[in-house]
Amino acid sequence: MDFDWMKIPYAFLTVFIVVNYGFLMGALIQKIGARAGRRHGIPIWQYYLDVIKNYGLRTSITHGVMFYLGPVFRLSGGVGLLLFMPVIYGSYMFSNFSFAGDLILALYFVFFGTLGMALGAGESGHPHAAIGVTRGLQQVSMAELPFAMAVFSVALQYQTLSITEIVAAQQGGMMNWTLFTNPIAVAAAMLAFLGSMMRPPFDVFIAPQEIPIGPPTEYHSSYLALMQTNRAIFPVAKIVIYMNLFFGGAGSWPELFVKVFFLYLFSAFVGVCFPRFRVEQSIRFFLVWAVPLGVLSIMVV
Amino acid sequence: MVKRLVALALLAVFGLVFATLLTGYAPDAELNQTARYYAERTAADLGAANIVTAIIVTYRGLDTLGEVTVLFLAAAIVGLVLAEGAHDRSRMRPPVGELLTTGTRFLVPMILLLGAYVFVNGHLTPGGGFQGGAIIASAVLLMLLADPLRHFSHRLISAIESLAGILYVAIGIAGLFLAGGFLDNRILPLGNLGELASAGAIPLIYSLIGLKVGAEFSSMLASLSETEEP
Amino acid sequence: MVHVVMATGFLLILIGFYGALTHRNLLRMIVAFTVADTGVNVVIVSVGHMRGRSAPILDRAVAAADAVQRIIDPVPQALVLTAIVIGVGVTALMLAYAWRIYRQHRTLDIARLTALKG
Amino acid sequence: MVINALHILATGLGAAFLTGLLDEKRNGLAFMITLGALAFMSAVSAGWLVLFAATGAHPMDIQTAGTPPPFAIALRMGLAEAALLTLINLAGLFAAMHMGETLLARGRRAMAVLLVMVMALCGLVLTRDLFNLFVFFELIVIATGGLVLLSDDERAVSAGFKYLIVSQFISVLLLVGIVFGYHATGTLNIDGMAEQGSGAFALAFFLILIAVAAELKPFPANGWALDIYESAHPGFAALFSAAAASAALFAFDKVLAIGGAEWLPVATGIGIVSFVAGNLLALPQTNDRRLLGYSSIAQSGLILVAIGQQDILGEHYLFIAGGLLLSHAVAKAGLYWLSGFVAGRELTDWAALRQRPLLVLAFVTGIAMLSGLPPFPGFYAKWELVHLLANEGRLALLGWILFGALVEAGYLFRWFGYAIKRESAHTIDCPPDRVIPVIAALLAGWALGFAWGELSGRSNLLLVLPLLFALAFLLLEWAPAWLKNTLAIGGLSLYFLQTWQDYDPLRLIFLVIFTLGGAIIFLASFHAHGRRIGFYPSAMTMFAGMVLLLQATDSFGFFAAWELLTIGSYFLILRGKESEPHALSYIVFSLGGAFLILAGFAIAAASVVTLAPSGAVSPAPTFEIASLATLAQPVAPWVFLLLAIGFMTKTAAIGLHIWLPGAHAEAETDVSPMVSGVLLKAGLYGLFVLLMSMGRQSLYGVDLVNLMLWIGAITALLGNLMAIFQEDAKRLLAYSSIGQMGYALFGLALMNHLGWLMALMFVINHYVYKSMLFLSVGGVAKRTGTRAMYQMGGLITLMPLSFIATLVGIIAMSGVPPLSGFGGRWIFYNAIMDADTRLPMVLIFLSGPIAFLYLFRLIHTIFLGQLKDEHRRLKEAPLSIVLPQMIYVAILIGVAIFPGLILRRVDAYISQFLPDGALNWEGLTITSQYGWWNPVAIMIVVACIFLLIFGWLLFVNRKAQKVKQFNIVFSAERPYRPETTHFAWNFFAPYKKAMGFLVQPFVTRFWGAITDLLHTAGDLGRRLYNGNGQIYAFHFLIFVVVVFVSQLGM
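Protein chains in written order, with numbering that gives the first Met the number 0: chain A, 0 to 300; chain B, 0 to 229; chain C, 0 to 117; chain D, 0 to 1049.
Keep in mind that the hints were calculated from the coordinates and are not lab data. One or more of the hints may lead you astray.
[Said to hold, decoys possible] Derived pair list, reagent style DSSO-like, types lysine-lysine, alpha-carbon separation capped at 30 Å:
hint	chain 1	residue 1	chain 2	residue 2
1	D	K874	D	K991
2	D	K992	D	K874
3	A	K52	D	K781
4	A	K52	D	K963
5	D	K874	D	K961
6	D	K874	A	K52
7	C	K116	B	K2
8	D	K963	D	K874
9	D	K961	C	K116
Here the structure is a predicted model, which means the values were calculated and not measured.
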């Protein structure tokens, strides 16, 4: 695997597909959530409208350099994460820039956007921005733990850190999926998944945004547009990791769409059923329920 | 009370130690090697009739030099300590009996003579510098008793003491150069055993010691007498 | 006989020690030490003693030739002299100290001289 | 030509008598006579010393009275005697100078007493006659009684009396013993008695021995001595401690020869009890002279132990006992003389010394000598002693010695800390007659250090170039800081250029960090003005220690270097404003660790066998580090354990970490990066060496390396966790260092190829980003005048360069691609794939994100959020502090793109030890057996995406203006006070609620409890000394009885 100029248009293509899919799926999930709450919900194209509107707006204020860079980091993180993975198994076209690194690169690049966003929001000078960021970081630090262990378990199981090879090992029927060959690791990872999807019960850190004065008030117009774009790409990219590691990967776009949708739905499903945890409660939850599972998965693999 | 009990318990252990030493002690039937050497050689080597004196002044002369120094030190320190009890010349002279005053006048020269005799003959008869010195000091004591306000010249006492000391050391060093070693008495002719002018430098040294000891004791006595009641 | 003398010496030492340990008055302690010193001197002298012999002085009674058979061990005699003199020096020093202490503190009680401790 | 030794005695006496001839008023002349006599006596002794030292002549017997021993008193002059006489007479001479004023006031009698004292001490050393020994002892007692009175302190009188009481008991026992000994052997000559042995008069010998032992002021029969030390004139206390104690020790040694080997344990027992108890009791002291007194007792105890161990010390006996004795004597004399300059008697009053740097140097020299630090004789002596003890398997004794030495170092360095950090109202005046003795002690200390280095038969530390270079800065203290700084940078760089070819790749990495790394940090030191006294010698000693550590091939060189870097860094750390307690805990932990290393080396040496030049097989007093590999069971795991704990103390592994946060946080701006970025690597180097040579070890079925793995993981977790709760920026970084060192330890303990590679990456990365962050934060702290992060905020626009450095630093540190931290993480994951143990990884997984938390806190609360009113006019940190940061940024990016430049060589080097799992460095991609990583590609991809989006955003928002600080809405109000809207304090409160139980200060409490326990023990022990002279007599008698009973039992 090496660089090839053709990879650049292919990468754009991947991003384009994922963005569209992300918009649609996001709206769909939101609608499902609304229906579960006996509300009508948003139209399926709502995100397009939002994004187009926001890209069209021009702002005349900024809070400073880092404020500027926040959304840039954010979106770079999402796009980069997507592009450092082979999205479609067996497809050269959609293997993107996965020659640059393996699973570990993907795992760590997740934090790139988080870091930038945290910094950018911080410079707005608004205390709620910092409160939200710290809450998110605290929760994620514990939520990531079972996931990291699950990844380690899977890597040990397949004796490789290459995503492609992990997916390859799961080919040949559903029973070869990690879900069935290493169910404990998957259980741990799926709990972690809940924690990282910014949905109830683990979404208290976006509370400062909900009272509408957090980052979204400070980030408006094109800043917000970038962030919304990222909110379409990033969850998908993240779920793609899960899918590749635990659910046999995807040999084609439709397969990917379906798997990602159901995984996303899982978090939405849990989200509508449970009330919100405070941060320390989430930390304890992960510590008590998810971490032991992760430890177990490492031990038994 | 506890203190006494502890003291008794401790001393019981020491008693035990001493008792063991005591029961284990058997007097020698023969002189041991050192004593035998002294018994056999003193007369011939050093020419001193009094073997104890020979040991004190010559064989173990370094001890004796130390001994003299002990007294010197004690006198110096007593002087140092008492110096601050600046004596009070204006105090009343306590009443002293006529008998004592007269007796003193009569006795002091004789005591001094006896003292000199004792240390000059130290190598021949029992006695010696220390004994003689003490006798001389007793004369000073008597004088002080007779006249408690009497003032002795510290300058003189200390000059005697120091001169005697320096000469003593000088004789010792002379032994290094003229005879077999430090404090060797054979820098002077040994003479005939039993005579006054015999045993080399021993009589000289013992006389110096006598003077020195006498001066030291006197100095202490004088210091004490000049000190007021604390 | 020698044993009796020696035992007396040891006893004097113990008595002196006991006195020094139990009396709190400086002067009494000094006296106790002189008792103990005396005890030591007695012990020293007794060690040199040999039954039936005479003092180590060569005179008409003891000729130089048979001194070896006739005299007692002269060394302890020499030692005891030194010990006595040293004892005197130390006693004088202690007395001077006692005077100075009394002058300073108006007490001779050893238990009250505890400005320095720990 | 030398002069008969008897002239020494005769001169002393003659001069004493001569003063009596003088008029009471002519004290000046008497004083000249006194000084002249003492100078003559010193010269004669020195002549003998030179003779014996130069020719190696045999000891010479000196007869008196023209009669051979045993019939007359004989003296003996040999090397030891000559050395002691020189010491005693010089001490007397300088004591006379020091006490000049008092002596002149008290008159000729006082001078005579002093002369007799010195003479008697000489006599005690020279004489070979037991009774003569007694006479000299009594002379010393009486002279002491006199000299005590020279004090201005009225309490001295009662102290002197207490001394006289006890000495009366002593002399009674001694006399009884002597006379019975004479009766049993028929001689008073010590050699004659020794020939016959003490079997026939064991009880009498016991009395003699115990009486002489009591003159050494053994615990607990020493209350009187302490009172004298406390109240006497310091000039005399110096003589009492230096000369009298030394002479008494020598006398004890002579007497012990009569008893023979069976009595040696008595000496050892008394010695070790005194050593440990003396040091413990010194711990709670606040009076300087009393503390020195306790220390003297302890030191005498140590020398007594050496005397008691002479059966195994063999030919090294004089070297060891002499080294200990001379260091103690010189140091103690110097310190007592110094105390004469200090007006107050509290330890803190020594702060007045700071007015005279020379006196501070003398002070520190004294303390280093007492603590047995290099390059002083005590260091060499301790090395030999410990090795010989280990060789004989006397490990309990060895342990107690090291324990006592640690306690001693503890209170001495605490005291030094007071002197450097506290304030004193007193001033110091330096009359020449008082300064000369101190300078003499100072010079003597260094001269002895040189002499012992020469005698040691190993490399003389005072001839080692790096150390000389460091010490040369002592002579340059007059120069301005910028000049010294330039020299320091030049020296480090030149050293690197000269030597880099001599090293293998692993050591080369360390060398680069130790020299060039240090030089970069020194760039920041250009910000200091003035002369910066004390900084350069300390810093350069530390760097000298570090480069010597890399050079060292044998255990001695290694340990010496280790101690040097410890001392240097201690002085550096102590320079911080509030660093006094932290520097103390640093030095105590470091020395504790060093002692464990020493013990480990000693035990190892005992079983490493080398060929002596003659071809005979003998245990090695020092050995090649590499031969640790040849150690066999059952010694090997123990050695491993000791060394590992020692090194882990330096890397602040959890449990041994409590010194680090304060030490690193309170240090000066440019010192923090030195001790954190550079110094910590020395510990890692030690661990590298240890693991490379010894590999896996297990003890009672516990795999020690596995244990280290756990410790590393726990350290990483807890270090990071503690870091997130800090409000102080530098403390945060310090705790983060603990965590980072945990990572490195973990990597090493993985014992696989990639684990080591990862540890090495941490070595490099940690150096770069921790130095950078410390400089950046230090610059901010310098400008804002605080280190509390919640008092900062919004500094990004005012200090943009510092911000960039911090930003790059935290990206690198958190392991987020594309910067170099990611490489470490990638190697880590590959490494753990190979590991046998999996559970500890969990902790590492957790600590990664936690690191992210504190990094965010660091950058947010300082540079983002709300700018405070009082900071509105701040400027960027000084150029000298910013410049190295920018260099680091460049290095970080360089390393991030081309990690292979350095790592591939190391990778190849590690393959020698652990061939499996080497990486493949072909092309730009780094490949392991599990995955791959292409730093260049990552950098390009990320940069392209980033710039693309950024460019677009810039374009569309080209007209955006920066809004005012308070142009935000906060709870429906427009805030106007930055304090209320800067979210910074208690930043991670929920985390504390959830995980706070992990960071309860258990370890601090544990060590605090230990310290309290020691202090309490010391305090209880002090109550023995209730000041009552009679009780002291009881102590003496009890001491005798206890020794008697235990001797019966043996």
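| said: Hint by hint, where does the structure go against what was stated? Just the numbers, ascending. | reply: 1, 2, 3, 6, 9
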